[in-house]
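Chemist: Sequence:
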Amino acid sequence: MKSRIPDVILLFAILFFALPVAAQENNVCSSSSVKITDENRRFFVLVPKFSGLGNKQAYDDIGCAVLARNEECATRQTMFDGVALAYDQSTGAEFPAEAMHFVLKTDLNTPRGFGIVAFRNKAAEEAFSAGHGKGKVVKWYELVAEPLKR
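Per the working numbering, residue 16 is the first one in the sequence shown, and the count goes up by one each step.
No lab work stands behind these hints: they were computed from the structure.
Accuracy of the hints is not assured; some may be wrong.
Simulated DEER-style distance windows between Cβ atoms [to be verified]:
1. Thr106 x Gly128: 31 to 41 Å
2. Ala114 x Asn85: 31 to 41 Å
3. Glu109 x Asn70: 10 to 20 Å
4. Glu141 x Pro111: 27 to 37 Å
5. Pro111 x Ala145: 20 to 30 Å
6. Gly146 x Gly107: 13 to 23 Å
7. Gly67 x His147: 35 to 45 Å
8. Glu161 x Cys88: 14 to 24 Å
9. Ala145 x Thr90: 30 to 40 Å
10. Ser66 x Ala142: 16 to 26 Å
11. Lys164 x Ser66: 32 to 42 Å
12. Ala89 x Glu54: 18 to 28 Å
Pairs of lysine-lysine residues, derived as DSSO-like cross-links and limited to a Cα-Cα distance of at most 27 Å, are as follows [claimed, not checked]:
13. Lys137 x Lys120
14. Lys50 x Lys154
15. Lys50 x Lys164
16. Lys151 x Lys137
17. Lys64 x Lys50
18. Lys50 x Lys71
19. Lys151 x Lys164
20. Lys64 x Lys151
21. Lys154 x Lys164
22. Lys71 x Lys154
23. Lys137 x Lys154
24. Lys64 x Lys154
25. Lys151 x Lys120
26. Lys120 x Lys64
27. Lys164 x Lys137
28. Lys164 x Lys71
29. Lys120 x Lys164
The beta carbon of each residue, even a glycine, is placed where N, CA and C say it ideally should be.
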């Protein structure tokens, strides 16, 4: 009779190593192959094609855009800040990220789990913050200095 122990060990090894990788894939930040739609645009940051920054970059979570920006050198960070566009949570309208207000630490489930949303109107942001976990309200230059957690 053939022993089932090697089969069980193999199955356990596959589950042990493969499942954590599959679970993490949804939280991987990337600027490639993400498409802005009406349903998801309120979480996006778009960096248009710009000399010195390369091709257009689209991040489906504001936290991912901040992480990507912070990995750049100081000169490229300044360029990123100057051209990045964020979408208003209330209206879906596009505005320069530097002109937006951001709510950190909300209970809202964003695509990559950072829970950050943007507003053009500070009063709308404060009202949203009060109803969604009393998040911290910051401007772009404060957001990029925050240690981000999912």
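Chemist: Evaluate each hint against the coordinates.
Modeler: Hints and how they fare:
1. The supplied range of 31 to 41 Å is broken by Thr106 and Gly128, whose beta-carbon atoms lie about 24 Å from each other.
2. Taking 31 to 41 Å as the suggested C-beta distance range, the pair Ala114 and Asn85 does not conform, at roughly 20 Å.
3. Between Glu109 and Asn70 the beta carbon distance is about 18 Å. The supplied range of 10 to 20 Å therefore holds.
4. Restraint check, Glu141 to Pro111: a C-beta distance of roughly 20 Å breaks the suggested window 27 to 37 Å.
5. The given range of 20 to 30 Å is respected by Pro111 and Ala145, whose C-beta atoms sit roughly 26 Å from each other.
6. For the pair Gly146 and Gly107, the supplied restraint of 13 to 23 Å holds, since their beta-carbon distance comes to about 19 Å.
7. A C-beta distance of roughly 36 Å is found between Gly67 and His147, which places it inside the suggested range of 35 to 45 Å.
8. The supplied range of 14 to 24 Å is met by Glu161 and Cys88, whose beta-carbon atoms lie about 20 Å from each other.
9. Remark: the range hint 30 to 40 Å for Ala145 to Thr90 is upheld by a beta-carbon distance near 38 Å.
10. One distance hint, 16 to 26 Å for the beta-carbon pair Ser66 and Ala142, is violated here, with the actual separation near 39 Å.
11. A hinted range of 32 to 42 Å for the beta carbons of Lys164 and Ser66 is consistent with their spacing of about 34 Å.
12. At about 35 Å, the CB distance of Ala89 to Glu54 disagrees with the hint of 18 to 28 Å.
13. The straight-line distance between the Cα atoms of Lys137 and Lys120 is roughly 16 Å, inside the 27 Å bound, and the hint therefore holds.
14. Of the supplied pair hints, the one linking Lys50 and Lys154 holds, its CA atoms being roughly 25 Å apart against a limit of 27 Å.
15. Restraint check for Lys50 and Lys164: the C-alpha separation of about 24 Å stays at or below 27 Å, so the hint holds.
16. Taking the CA atoms of Lys151 and Lys137, the gap is near 12 Å; set against the 27 Å cutoff, the hint holds.
17. Only pairs whose Cα atoms come within 27 Å are accepted, and Lys64 paired with Lys50 is accepted, the gap being roughly 15 Å.
18. For the given pair, Lys50 sits about 12 Å from Lys71 by alpha-carbon distance, which is consistent with the 27 Å threshold.
19. Note on Lys151 and Lys164: the hinted pairing holds, with a Cα-Cα distance of about 13 Å set against a maximum of 27 Å.
20. Among the hinted pairs, Lys64 with Lys151 is inconsistent with the structure: their alpha-carbon atoms are about 31 Å apart, more than 27 Å.
21. Annotation: proposed proximity of Lys154 to Lys164 holds, straight-line Cα distance about 18 Å (limit 27 Å).
22. Distance restraint check for Lys71 and Lys154: the Cα-Cα separation of roughly 23 Å lies within the 27 Å cut-off, and the hinted pair is therefore satisfied.
23. Proposed proximity of Lys137 and Lys154 is supported: the alpha carbons are some 10 Å apart, at most 27 Å.
24. Between Lys64 and Lys154 the alpha-carbon distance is near 24 Å, which keeps this suggested pair within the 27 Å criterion.
25. Restraint check: the Cα-Cα separation between Lys151 and Lys120 comes to about 7 Å, which is no more than 27 Å; the hinted pair holds.
26. Distance hint between Lys120 and Lys64 is unfulfilled; the C-alpha atoms sit about 30 Å from each other, more than 27 Å.
27. Proposed proximity of Lys164 and Lys137 is supported: the alpha carbons are some 23 Å apart, at most 27 Å.
28. Of the supplied pair hints, the one linking Lys164 and Lys71 holds, its CA atoms being roughly 26 Å apart against a limit of 27 Å.
29. Among the hinted pairs, Lys120 with Lys164 is consistent with the structure: their alpha-carbon atoms are about 9 Å apart, no more than 27 Å.
Violated hints for the displayed structure, listed by number in ascending order: 1, 2, 4, 10, 12, 20 and 26.
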